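Trainee: Sequence:
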Amino acid sequence: MTPDLCTRTYTITDREFELFRDLIFRQTGIHLSDRKKNLVVARLSKRLRALDLENFTEYYRFLTERPDASSELVNLVNRVTTNKTDFFRENHHFDFLRGDVLPEILENASRGGPKKLRIWSAGCSTGEEPYSIAMTVHDFFSNERGWDIKILATDLDTEVLGFAYRGVYPSQRVAPVPGPFLTKYFERTAEGYSVKRQIRDMVIFRRLDLMDAMFPLKSQVDVIFCRNVMIYFNDETKASLVGKFHRHLRNDGYLFIGHSESLMHMKDLFTFVRHTVYRKV
563 MTPDLCTRTY TITDREFELF RDLIFRQTGI HLSDRKKNLV VARLSKRLRA LDLENFTEYY
623 RFLTERPDAS SELVNLVNRV TTNKTDFFRE NHHFDFLRGD VLPEILENAS RGGPKKLRIW
683 SAGCSTGEEP YSIAMTVHDF FSNERGWDIK ILATDLDTEV LGFAYRGVYP SQRVAPVPGP
743 FLTKYFERTA EGYSVKRQIR DMVIFRRLDL MDAMFPLKSQ VDVIFCRNVM IYFNDETKAS
803 LVGKFHRHLR NDGYLFIGHS ESLMHMKDLF TFVRHTVYRK V
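Counting from 563, one number per residue, gives the positions in the sequence shown under my numbering.
Hints in this document: simulated from the structure, not taken from any laboratory.
All values reported here derive from a predicted model rather than from experimental measurement.
All C-beta atoms, glycine included, are put in the ideal place defined by N, C-alpha and C.
Do not take every clue at face value.
Computed beta-carbon distance windows for the label pairs [to be verified]:
| # | residue 1 | residue 2 | range |
| --- | --- | --- | --- |
| 1 | Ser822 | Thr751 | 40 to 48 Å |
| 2 | Arg841 | Asp771 | 23 to 31 Å |
| 3 | Ser822 | Asp596 | 19 to 27 Å |
| 4 | Ser824 | Glu706 | 32 to 40 Å |
| 5 | His837 | Phe777 | 20 to 28 Å |
| 6 | Glu706 | Pro629 | 49 to 57 Å |
| 7 | Val730 | Glu580 | 19 to 27 Å |
| 8 | Glu706 | Asp797 | 40 to 48 Å |
| 9 | Asp657 | Arg628 | 28 to 36 Å |
| 10 | Pro676 | Arg605 | 22 to 30 Å |
Listed next, the in silico DSSO-like pairs over lysine-lysine satisfying Cα-Cα at most 27 Å (straight line) [said to hold, decoys possible]:
| # | residue 1 | residue 2 |
| --- | --- | --- |
| 11 | Lys599 | Lys829 |
| 12 | Lys829 | Lys842 |
| 13 | Lys598 | Lys678 |
| 14 | Lys829 | Lys677 |
| 15 | Lys712 | Lys758 |
| 16 | Lys608 | Lys598 |
| 17 | Lys712 | Lys842 |
| 18 | Lys746 | Lys829 |
| 19 | Lys677 | Lys746 |
| 20 | Lys712 | Lys677 |
| 21 | Lys646 | Lys678 |
| 22 | Lys712 | Lys746 |
| 23 | Lys678 | Lys780 |
| 24 | Lys677 | Lys780 |
| 25 | Lys598 | Lys677 |
| 26 | Lys712 | Lys780 |
| 27 | Lys842 | Lys678 |
| 28 | Lys608 | Lys712 |
| 29 | Lys646 | Lys712 |
| 30 | Lys677 | Lys646 |
| 31 | Lys758 | Lys746 |
| 32 | Lys842 | Lys806 |
| 33 | Lys608 | Lys678 |
| 34 | Lys806 | Lys780 |
| 35 | Lys746 | Lys800 |
| 36 | Lys712 | Lys598 |
| 37 | Lys758 | Lys800 |
| 38 | Lys746 | Lys608 |
| 39 | Lys712 | Lys678 |
| 40 | Lys780 | Lys599 |
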């Protein structure tokens, strides 16, 4: 790439922003407010430079008119989605999982129910959430035998899924991991810390669009984590997604959401258990 392309700067008109806001909503369900105009420019300018495009109108035409634009649409999605996460973020969720949900599932199995556990991390980002779930579950079931346990981890962003699948984190990223878990479930490497195979094997990473009408889940799940995802959706999109979660949860299954989210207006589908924890009606 020539130096002038590397330093080229872009601006976006109101009309162009409306076009991209609509396109991003159709692709991701994310509704961008007017305040996000500078964010769109900052995150997408690199793609315009890479494609040697003059302005956002050319980029929009590239995305919507070319028959081979599917791979670039993936790049668009990867740039506009937010991937802030940490190990054991909102730790009270993991306390409740260990102290209430898992004992209940173990008790149901003791009464003749299946020794099967399915948890879905929807919007898994770079993997800290599903690996935190896996460590919690593995530690709880360490003295149990014969259990079929799988954690599905999905995201729209292919780049963060690749990072998550690899399972290698710099030292500062694993700081929230409790000391015993860090020793038990990670290996020290030149790059930082690598998640051990026993935990990685519990997690299945897949690309999944939460806006799809149907999700390719083979069976209902016991628990869904979808935290700090719905804050980017409008009310209609959120209601549609919660309805799909309801269908894919087993009866009395649990849904964990983000600290600034609520399902209080969806009492016909979920009942409030505690802050940001709901149960399927």
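Trainee: Is the hinted range of 40 to 48 Å satisfied by the C-beta distance from Glu706 to Asp797?
Mentor: 42 Å, holds
Trainee: Is the straight-line distance between the alpha-carbon of Lys608 and that of Lys678 27 Å or less?
Mentor: 45 Å, violated
Trainee: Hey, Lys608 versus Lys712, does the alpha-carbon distance stay inside 27 Å?
Mentor: Violated - the C-alpha atoms of Lys712 and Lys608 are around 37 Å apart, more than 27 Å.
Trainee: Check whether the Cα positions of Lys829 and Lys677 lie no farther apart than 27 Å.
Mentor: 30 Å, violated
Trainee: Against the 27 Å threshold, does the CA-CA distance of Lys712 and Lys842 hold or violate the hint?
Mentor: 20 Å, holds
Trainee: Regarding the pair Lys746 and Lys829, is the alpha-carbon distance no greater than 27 Å?
Mentor: Between Lys746 and Lys829 the Cα gap is close to 41 Å, so the pair fails against 27 Å, i.e. violated.
Trainee: Please work out if Lys677 and Lys746 have their alpha carbons no farther apart than 27 Å.
Mentor: Since the Cα atoms of Lys677 and Lys746 sit roughly 24 Å apart, the hinted pair holds (cutoff 27 Å).
Trainee: Using the beta carbons of Ser824 and Glu706, state whether their distance is inside 32 to 40 Å or not.
Mentor: 35 Å, holds
Trainee: Within 27 Å, alpha carbon to alpha carbon, are Lys829 and Lys842?
Mentor: Answer holds: Lys829 to Lys842 is near 9 Å, not above 27 Å.
Trainee: Does Lys599 sit within 27 Å of Lys780, going by the straight-line distance between their CA atoms?
Mentor: Between Lys780 and Lys599 the Cα gap is close to 40 Å, so the pair fails against 27 Å, i.e. violated.
Trainee: Taken at face value, is the distance from the CA of Lys598 to the CA of Lys712 at most 27 Å?
Mentor: 37 Å, violated
Trainee: Are the Cα positions of Lys598 and Lys678 separated by 27 Å at most?
Mentor: Not OK: Lys598 and Lys678 at ~43 Å, beyond 27 Å, violated.
Checked against the numbered hints given earlier, this structure breaks hints 1, 7, 9, 10, 11, 13, 14, 18, 21, 25, 28, 30, 33, 35, 36, 37, 38 and 40; the rest are met.
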